[in-house]
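Protein chains in written order, with my numbering: chain P, 1 to 302; chain G, 303 to 515; chain V, 516 to 993.
Just so you know, these hints were derived from the structure itself, not from any lab. Among the clues, some could well be false.
Chain P is faced by these chain G residues, among others (derived, beta-carbon under 7 Å) [said to hold, decoys possible]: (1) 312; (2) 319; (3) 323; (4) 392; (5) 394; (6) 395; (7) 397; (8) 401; (9) 408.
In silico negatives: residues of chain G with every beta carbon more than 10 Å from chain P [what the hints assert, rightly or not]: (10) 315; (11) 316; (12) 393; (13) 398; (14) 400; (15) 437; (16) 501.
Note that the Cβ used here is the ideal one computed from N, Cα and C, for glycine as well.
Spelled out from the first residue to the last, the chains are:
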Amino acid sequence: MTDIIIHCAVALLFPPLLLGIIGKTKAAFAGRVGAPYLQPYYDLIKLFRKGSVFSETTTWVFRAGPVVTLSATLIAVLLIPLGRHAAPLSFSGDMILFAYLFGLSRFFTTIAALDTGSSFEGMGAAREVTFSCLVEPTLFFTLITLARMSKSLTLSTILIYPTPAIWLAAGASMLLLVGALFITLLAENCRIPFDDPNTHLELTMIHEVMVLDHSGPAFGIILYGAALKLFILGAVFVNVALPLATGNPLVDWAIFVVAMMALAVAIGVVESVMARLRLVRIPQLLVGATILSAFALLLVLR
Amino acid sequence: MSAFADQLLVLVMLINLVMLGTSRLVFSIRAVAVQGVILGILPGLINPFSGHLAGITAGIILAKGIVIPYLIGNAVHKAQIRREVEPFIGYVSTLLLGAVFTALSFAFAEKLPLAPEHKDLLFVPASIATLLTGFLILTTRRKAISQVIGYLVMENGIFVFGLLLTEAMPVMVEAGALLDLLVGIFVMGIVINHISREFSSIDTSRLRALKEE
Amino acid sequence: MLFALVLLPLIGALFAWVVPDNRLRPLTLPVVATIHLVLTALLVGNAPPPSPGGWIWLDPLGKVVLLCISLLFAVCAFYAVGYLAYRQKRSNRILCMGLLVCLSAMGLVTITQHLGLLWVALETTTVSMAPLIYFNQNARSIEATWKYLLICSVGIALALLGLLFLAYSTYVAHRDATLLLGPLMASARELNAGWFHAAAIFLLVGYGSKMGLAPLHTWKPDAYGEAPGLVGALLAGGLVNCAFLSILRVYQICLASGTEIHFFQQTLVGMGLVSMAFAAVFMAHQSDFKRMLAYSSVEHVGILAIGLGLGKGGLYGALFHLLNNGLTKGVLFLSSGNIHRSYSNKTTDVVKGALTRLPWSGGLFLAGFIAITGSPPFSPFISEYTIVSSAFIEGRHLVGWLFLLFLVIVFIGMALTVLPMVMGAPPTDTEPTDYEDRLLTVGPPFFMMAVILVLGIWPPGFLVTLLKDGAVMLGAQP
């Protein structure tokens, strides 16, 4: 029971802090002081206090977009184990639900973007869908590989399965999975080198262009949902990459939170040292990630 | 130790994929060099130490890791070429083909019985996958230098398999094979140089004067 | 003694490197070649016992190939002196060195019993020949060199993988991994079948591409077409035979295994027929006579493969044909080199009436054509007849008839190119170059032509015994 409460609390309150840490890291690299760690929270509070403006050409789809996206993401967060603790909600085959919840949220984001009728947002939607076609196989291959190793279809089992012993025995596959997962993490959350979350008015961006017409609380929901998505994939990554378990639940929670913060710093570092890729190179890297995860599966199947 | 050898073999296969995906020649050359060095380290991991072994390790690292990359790098420098511009088949497609070939080589390796002490090692699939990757580079790229790199990758694939037999092979044969490879690459480097002088390019698709009418 | 076959040409190469004078340097070739020929004659007559460890031994198969190479090289060496006198503008240092290094490596191919060493030697011949194809240093020859180098290197690399598979098949059979012919043959029945089968395929593909068996022959017309005549002669008569000897070694092991041999023979016959078919198709309307000779070479490696694949009586024919083809190709390439020099063109559009302009070279080319297409009384007739008759004796009627059909097509195709070239009146609109037939450019091929005639009419007894010994090693009835 305690674990469930901690799970929900961490999952609901922690995500925006990750964005704050990433921002701070980037500021440190650029030699600036940067916004405070809690800035994303202030932004969210500010947005929720504002009123909304809806274009007359939009329909209910546009308003449903952010809400459905957030609720799908919220269900997904209940399915994944955090640290070494099983998820509050788990059943056999939930990994498929997990993957499709992402699909659902993406579908509503893009259809809401298309609903505005703006060619600009349509372009963003097209790109988002194209690239996600290439990202999804990676996620699936990764989950299948882990499922195969742990002989289970439950997320709580397969994500808690990696242990230091497994790492020693199947290091190559695990390393491949971690590489593929990191690329997925960056691509799914529209981070550099795939997309730049800070630009809003460039022809090259992907995700941000789709949410240009949202304002006020709706935009706040989108921002919060994005942070939550980063948190979820980050948690999957941390579970695979850092298979430490002490046995003491509270220490494990602490390890998990610290690991997530470290991951945020790592993302910040990547964003600081890398330039955004040219649009034509992105599929190449994504296909590369797919091959990495497929290769890991091959090694496990052998 | 053999588990570590396996991880290195996976790395060899990953380098294959990297080479299929990149257009930068200098990068490919470095990747081949890294592959060569890994090839040099591997025999030490699966065989007990001996003078023969040390000689092989030194020879492979020197030839494949240093001298040959230097020779090709030199040719690249002289021909003033940095990228493979347009291969006959695109990068993403060759990358996918490479992945398919890698999967096939795993299937192929299943068919051949290994000696008990090599049972769980990845030598055979790694060898075949590298061989096929080399072949893929050789056939899909236009630049003479890329073709030489493909040939080298192929040779690396063959060497990966040869490592299983390090103890059994006489030094003379291995040294001879390395020397032949070295001289072969040297001659290819010279030929590339002449091609670039003769055609002001090292694009082998320009070599098409000789054919049946 | 045997090592002298390898060392002598290397010393000669060193010497050729040191000599500064472009006129004197080619003289090292006939000197080395003569000593080499004498050594060969002594060794073939009285071979020393196998070296301790069994790495070096001149067996009958090696003797046949060595005899052919040494004789051909001697002829080419004398010819080279005369030929290079016309090419004084170009430094011949690399050419002389390359020829000698190649001779050394070819010698090593014939005397070694260790398949690994044989591979190394074969690869050395490939690499050392590459600069020679590029002797003319123009765009066409660089293209030919590139294709030759790349395709042959890749082929040879595949053969190396085949060798490793072979060694591993002994390892899996719980024996010491080895590549020595003797132990391999002794344990051939116990070798792991899967690995051995894979090894045989890779070796056949690898050495086959080096030998120029279709469909791995694509480099051949280019390389033969652009190389100087004497390099072409050594490629067609020397390197091809070395590659064939390597295939013979694999054949020996397959034979000893008892099971693999059927597959190997069938594949050889198939590839041989495909080679002949390719040659027959591409030889028609071939206006470049050097390329035509290349296709003729493809045809004849096909004949060799068929002879080997048929087994029994065909084996004697194949071994004899190895010798005949090598020498006849020598005559053709050397005399075609002379014609090329005189017209400075190698297409039949320009080259006409060679018999009038160059009675000796033209005559030799014509005689060579008659010999290579298998007409009596020259020796290729006998070897081809032996092979085709063994096909009918074995009941392989389809093979026999196809063989004859391809021979006829090749004859017609080749005649359509050769006859207009040799007969008729020389073109009046182009001036002949300063080349004229001299003793050194015509004598050597003439001598070789005489040898072919003698072999055809009265093959010397020791040679027949040698060929029979060789055929017995390949499984023929004694």
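The hints, checked one at a time:
1. Given the 7 Å rule on beta carbons, the hint for residue 312(G) holds: about 4 Å separates it from the nearest Cβ of chain P.
2. A hinted interface residue such as residue 319(G) counts as satisfied when its beta carbon comes closer than 7 Å to some beta carbon of chain P; here the least separation is about 6 Å, so the hint holds.
3. Annotation: interface hint on residue 323(G) holds; nearest CB of chain P at approximately 6 Å, less than 7 Å.
4. Below 7 Å, beta-carbon pairs count as interface contacts, and residue 392(G) has none with chain P, the closest being about 9 Å; its hint is therefore violated.
5. With 7 Å as the threshold, the beta carbon of residue 394(G) comes within range of chain P, its nearest partner Cβ sitting at about 5 Å, so the hint holds.
6. Of the supplied interface hints, the one on residue 395(G) is violated, with its beta-carbon coming no nearer than about 10 Å to a beta-carbon of chain P, more than 7 Å.
7. With 7 Å as the threshold, the beta carbon of residue 397(G) comes within range of chain P, its nearest partner Cβ sitting at about 6 Å, so the hint holds.
8. Of the supplied interface hints, the one on residue 401(G) holds, with its beta-carbon coming within about 4 Å of a beta-carbon of chain P, less than 7 Å.
9. Satisfaction of the interface hint for residue 408(G) is found here, the shortest Cβ-Cβ separation to chain P being roughly 6 Å, below the 7 Å cut-off.
10. Some Cβ of chain P comes within 10 Å of the Cβ of residue 315(G); the nearest lies about 7 Å off, and the non-interface call is violated.
11. The Cβ of residue 316(G) sits about 8 Å from the closest Cβ of chain P, inside the 10 Å cut-off, so the non-interface label is violated.
12. Here residue 393(G) does not stay apart from chain P, with its beta-carbon only about 6 Å from theirs, under the 10 Å limit.
13. Its beta-carbon lying about 7 Å from the closest one in chain P, residue 398(G) breaks the requirement of being farther than 10 Å from that chain.
14. For residue 400(G), the requirement that its beta carbon stay farther than 10 Å from each beta carbon of chain P is not met, with the minimum near 8 Å.
15. The beta carbon of residue 437(G) is kept farther than 10 Å from every beta carbon of chain P, the shortest such distance being approximately 18 Å.
16. Non-interface call for residue 501(G) relative to chain P: holds, since the shortest CB-CB distance, roughly 29 Å, exceeds 10 Å.
Consistency with the previously given hints fails for numbers 4, 6, 10, 11, 12, 13, 14, ordered from lowest to highest.
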